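Asker: Here is what each chain is made of, one letter per residue.
Protein chains: 2
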Amino acid sequence: MRVLGIDPGTYKMGVGIVSSDGSSMWMDYLEVVSPKRRDPLHARLGFLFDELSRVVMEWAPSQVAIEQPFASRNVKSAMAIGQAQAVAMIVAARRGLPVSAYAPRAVKQAVTDYGGSSKEQVQEMVRALLGLPEIPSTDAADALAIAICHINASESGNLDIRE
Amino acid sequence: MRVLGIDPGTYKMGVGIVSSDGSSMWMDYLEVVSPKRRDPLHARLGFLFDELSRVVMEWAPSQVAIEQPFASRNVKSAMAIGQAQAVAMIVAARRGLPVSAYAPRAVKQAVTDYGGSSKEQVQEMVRALLGLPEIPSTDAADALAIAICHINASESGNLDIRE
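Residue numbers (this note's numbering), protein chains in the order written: chain A, 43 to 205; chain B, 43 to 205.
Calculated from the structure, these hints are not laboratory results.
Any given hint could be a false lead.
The list cannot tell twin chains apart, which means a pair is met if one copy fits it or any two copies do.
[Said to hold, decoys possible] As a list, the in silico SDA-like pairs of lysine to any residue whose alpha-carbon atoms are at most 25 Å apart:
| id | residue 1 | residue 2 |
| --- | --- | --- |
| 1 | K54 | P140 |
| 2 | K118 | Q151 |
| 3 | K118 | A195 |
| 4 | K54 | K78 |
Since the structure is predicted, the reported quantities are computational estimates derived from the model, not experimental observations.
Only chain A is shown next, with the shape it has when bound in the complex (with noise of 0.2 Å):
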């Protein structure tokens, strides 16, 4: 399987694609995308849903796995994280496939079999499990580790943190 992480932000939005054989998981795809901080929002989405599209196209995953807090600092930036999901989520769905939704504490637990690890911990291990040459930043390692643990709640069978 093929899997599309997404750690959703307006500003900058980590995605990368990791493959797994049944036995082996590898990265396939690393980006932040990074839309200009000075345009507005509408402008951000835009080009946000633009690379995002492109990237579908070229690698073709066959799942998205995104990011799902279930809390927020505050109403602004819920509303920005929904802005930033939905984004994903329409991608997804012009291109038929499924999406899956992980709490950040699902997400860590995952790959430092530990919910309430740090960002560092969890950037190190992500580096590990795919044999990275060097530590991903925080946005690239959280993509990748949505992706990791959509692979292994597939794999395991245990699929019940859904959108």
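With chain A's structure known, arrange chain B on it following the hints.
Answerer: Chain B alone, transformed into the frame defined by chain A:
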């Protein structure tokens, strides 16, 4: 000017097109887009995206106006509003259309001259302002009210409430 007004929701999205020649306003189009309730979120967003893209293609509005609440019942509903807003913003961005966002109070103020007016008052004033034969449903009236609010703000040069 021809304005596409959007009342964002992931189950029901009010979509209205209102035109103005500077002295009078009229309604060109009105729809409440309702994806299948049982479809997963990404499928509903994809459906809203396709439907809104069709309306924009067919009616060629020059501007888009959406509602931007600054408070919300909870994180989940704030994310849902963000997701629905993103549909409208991505459609607008892909057509190069400017997007303006208005708080619910500003919309109510624009159509009823009172920011705390009831849904019924908004529905009745929208009917009167656009000379509609009957009172539109609340989602439909909200979409038209947002378009009217943007036309008023544009024509009075009062465009400070932007996204």
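Asker: Each hint should be assessed against the structure and marked as holding or not.
Answerer: Here is what the structure says about each hint:
For a Cα distance limit of 25 Å, the shortest separation of K54 from P140 qualifies both inside one copy, at 23 Å, and across copies, at 22 Å. With identical chains, the CA atoms of K118 and Q151 are at most 25 Å apart between copies only, with a shortest distance of 22 Å across copies and 27 Å within one. In the homo-oligomer, the alpha carbons of K118 and A195 lie at most 25 Å apart only across protomers (23 Å), although the nearest pairing inside one protomer, at 31 Å, exceeds that limit. Taking CA atoms no more than 25 Å apart as the test, K54 paired with K78 passes inside one copy only; the shortest distance there is 10 Å, against 32 Å between copies.
In this structure, every one of the numbered hints holds.
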